[in-house]
Amino acid sequence: MTIVVNSGVVFLLLALALWTVVAREAFLAIVGFVAYGLLLALVWVSLSGIDVALTEAAIGGGLTGALLIGAAARLRATETEARAQACGRPTRVLALVVSAAVAVALALCVLVLPDPAPTLAHEVAADIDATGVGNPITAVLLAFRAVDTLLEALVLVIALIGVWSLTPDGFWGGRPGMRHRANPDGIFGYFARVLPPIGVIVGIYIFWTGADHPGGKFQGATILATMWMLVLMAGLADAPPIGRRWLRIGLVVGPLVFIAIGLAGVLVPGAFLAYPAGFAKPLIIAIEVALMPTLVLILGLLLAGAPERGARP
Amino acid sequence: MPDFLLWAAAFVLAMVALGLVRVKLGPGYADRMMAAQLLGSGSIAVLLLFGAATGETAVIDVALTLALLAAFASSAFVHFAAARERPAADAEDPG
Amino acid sequence: MSVASLFGLCAAGLVGVGLYGLIVLSHPLRKIISFNVMGSGVFVLFGAVARRGAAAGFGADPVPQALLITGIVVAFSATALAVALVVRLIEATGSATLASEAPPRADLDVRRD
Amino acid sequence: MSVLVDLFTCLSVAAGAFFYLAGSVGLLRFPDAYTRLHALTKADNLGLALVVLGLLPQMGGVLAGLKLVVIWLLVLFSSAAVSQLIARAARRREAGA
Chain A
1 MTIVVNSGVV FLLLALALWT VVAREAFLAI VGFVAYGLLL ALVWVSLSGI DVALTEAAIG
61 GGLTGALLIG AAARLRATET EARAQACGRP TRVLALVVSA AVAVALALCV LVLPDPAPTL
121 AHEVAADIDA TGVGNPITAV LLAFRAVDTL LEALVLVIAL IGVWSLTPDG FWGGRPGMRH
181 RANPDGIFGY FARVLPPIGV IVGIYIFWTG ADHPGGKFQG ATILATMWML VLMAGLADAP
241 PIGRRWLRIG LVVGPLVFIA IGLAGVLVPG AFLAYPAGFA KPLIIAIEVA LMPTLVLILG
301 LLLAGAPERG ARP
Chain B
1 MPDFLLWAAA FVLAMVALGL VRVKLGPGYA DRMMAAQLLG SGSIAVLLLF GAATGETAVI
61 DVALTLALLA AFASSAFVHF AAARERPAAD AEDPG
Chain C
1 MSVASLFGLC AAGLVGVGLY GLIVLSHPLR KIISFNVMGS GVFVLFGAVA RRGAAAGFGA
61 DPVPQALLIT GIVVAFSATA LAVALVVRLI EATGSATLAS EAPPRADLDV RRD
Chain D
1 MSVLVDLFTC LSVAAGAFFY LAGSVGLLRF PDAYTRLHAL TKADNLGLAL VVLGLLPQMG
61 GVLAGLKLVV IWLLVLFSSA AVSQLIARAA RRREAGA
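Chains as they are written, first to last, in my numbering: chain A, 1 to 313; chain B, 1 to 95; chain C, 1 to 113; chain D, 1 to 97.
Extracted from the complex, chain A is given alone in its bound form:
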């Protein structure tokens, strides 16, 4: 019976993917992409990945959509020029052949996947009690494969440095993005005053519930970051100058605590990122709490873009 819902989801998903490719304007393509991202959350629920569904709903639907739509609004003037350079029919046919071949090859691979499938679920089930957390995904992210999560946090910091390095020389240390002006007494201002308090509670709830149920720091941090951006878009507050000391400290506190706990693991249990027996859960919570502000700041500032005005408001 679930097959009817799932087939419907697959059909809509492929239709929306085609839409994002064939749409004439970038704005329309992004509308399709956001709808596609929201629908992907349904896919993850069907694939028993509630944690992934939460991440996809937050990042795929909301954050990426807002990032793209902001860029599209600024780049609108260049679209006709790009359309004029569209590639000719031979290239299109060749692209069609190549991408169809890739799709068919992948589909064949899906059909011949080994049976029974290899799985690490038994190992996770055997060792999850030692970590003290109930959610297997959190156990993998912060205990069994903690080094991946550490590197991911570093990737985020480096991406932000990459975005900031695009700052024009005169504006280094200035405020990212453009100053949004909206009537603070208008509907958007009202909306941006009422929604963030609710969003902050939901974000912290999703973060906190991640220890034992689906949820966690990435999902919670994304919700908090979008609420911050909502306040900025409504013109109720301005983005901080990137030179601020508290900002810089907030950006590195998470990875530094993570690395410090990892190095402490070298001394006591004898391996990088190993937790002493019985202390796994408090250490995991310490890392998560320290990573939370870093993730909120980085995700929000990635959305805001490179500085393009001075530090004065």
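Note that these hints are calculated values from the structure, not bench results.
Note that beta-carbon positions come from the ideal geometry of N, C-alpha and C, so glycine has one too.
Keep in mind that the hints are not guaranteed to be accurate.
Computed footprint of chain C on chain A, listed as stretches where at least three residues anywhere in the stretch have a Cβ under 8 angstroms from a Cβ of chain C [claimed, not checked]:
no., stretch
1, 4-12
2, 60-74
3, 79-91
4, 115-125
5, 135-145
6, 157-166
7, 188-198
Here are the computed lysine to any residue pairs in the SDA-like style, where the Cα-Cα straight-line distance is at most 20 angstroms [what the hints assert, rightly or not]:
no., chain 1, residue 1, chain 2, residue 2
8, C, K31, A, D212
9, C, K31, A, T78
10, B, K24, A, E25
11, C, K31, A, V200
12, C, K31, C, G59
13, D, K42, B, L18
14, D, K67, A, I204
15, D, K42, D, D32
16, C, K31, A, R76
17, B, K24, A, T91
18, B, K24, D, G26
19, D, K67, A, D212
20, D, K42, D, L53
21, A, K281, A, P197
22, D, K67, A, P197
23, D, K42, D, V25
24, B, K24, D, V25
25, D, K67, D, N45
26, D, K67, A, V200
27, D, K42, D, F30
28, D, K67, D, L53
29, B, K24, D, L53
Restraint ranges, calculated between C-beta atoms of paired labels, are given here [as the list claims (entries may be wrong)]:
no., chain 1, residue 1, chain 2, residue 2, range
30, A, V253, D, F8, 18 to 26 angstroms
31, B, F4, A, E25, 19 to 27 angstroms
32, D, H38, A, A77, 28 to 36 angstroms
33, A, A15, D, V25, 14 to 22 angstroms
34, D, F30, A, R193, 26 to 34 angstroms
Based on the hints, put chains B, C and D in the right spot on chain A.
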């Protein structure tokens, strides 16, 4: 009972698909900006029905996140689509 | 057909569609969107593999799922960097072309004020 | 008792699904953006309300039920605000054109 809820989920999904036809046809920007809203309320209902049918209560948290983020995405759509309509004094001047 | 194979085949289709858009579309922003569609196809494929690994009371293998969460966040950060690069490129050169023979504008550095 | 509860769920969910149908038909058939917006926001919100109402007795605990109601209120609030914003943007565009 679960079967009925799944049928209802499939039906709502079909209705969302029908609504998306309008979004695709346009003609105005307003019709396009409705997409995130349509998908928001539709996919929340599908998620809740699906979760109730399969007994997966954590799906409610996904629906909660979706409700917040769909609201954020649709307001961002309107904000940026409207910002580029206004003259250069407002948003188009990077400094 | 099982859920995993259904979404696995869907993922293959998504990768194909995304790849086509990545090659054919000329505006860099559109290329980024197509690349994201292709990337999500890869994620769904990996998710289908995780679903097949359901065992020990879990609905799916938790290790690939944790990697997927990492992957989605990293994909977002890469997208943000790419978008920032495109915005800066277009504001510096006034043109959306990625073709290498396009002459750079002489006033490339006027913004250094 | 349980049969009655299930019947209530079925009726309420079916009524909710009907309002989704009404919303989509309105979205397709109404003549301009404002009436289409009206069809989408009002009908879909009522549809979601009925679906939530029907699912409430199926939820195991009070917390889950409370979250369902919060979701509905959130959607109600955001679609009320966003539909206003969309309508204003459409109006400005008309006035400007």
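For the hint 28 to 36 angstroms, verify it against the beta carbon of D:H38 and that of A:A77.
Distance hint for D:H38, A:A77 holds at roughly 34 angstroms.
B:K24 paired with D:L53 [C-alpha distance capped at 20 angstroms]:
32 angstroms, violated
Hint consistency between D:K67 and A:V200 [alpha-carbon to alpha-carbon, up to 20 angstroms]
15 angstroms, holds
Does the stretch 4-12 of chain A contain three or more residues whose Cβ lies closer than 8 angstroms to a Cβ of chain C?
With 3 residues in contact (Cβ-Cβ under 8 angstroms with chain C), the coverage given for the stretch 4-12 of chain A holds.
Is the coverage entry for the stretch 188-198 of chain A by chain C consistent with the three-residue Cβ rule at 8 angstroms?
violated (count 0)
For the stretch 60-74 of chain A, do at least 3 residues have a Cβ located nearer than 8 angstroms to some Cβ of chain C?
n = 8 at 8 angstroms, threshold three: holds.
Would you check the hint for A:K281 and A:P197, treating anything up to 20 angstroms between C-alpha atoms as holding?
With Cα atoms ~29 angstroms apart, A:K281 and A:P197 exceed 20 angstroms; violated.
Straight-line alpha-carbon gap D:K42 to D:D32, limit 20 angstroms
16 angstroms, holds
Verify the CB-CB distance for A:V253 and D:F8 against the hinted window 18 to 26 angstroms.
51 angstroms, violated
Would you check the hint for D:K67 and D:L53, treating anything up to 20 angstroms between C-alpha atoms as holding?
12 angstroms, holds
Decide if the proposed pair is consistent with the structure: D:K42 and D:V25, CA atoms, cutoff 20 angstroms inclusive.
13 angstroms, holds
Count residues of the stretch 135-145 of chain A with a Cβ under 8 angstroms from any Cβ of chain C, then say if the count reaches three.
holds (count 7)
Hint compliance for this structure: hints 7, 8, 11, 12, 17, 21, 29, 30, 31 are not met, and every other hint is.
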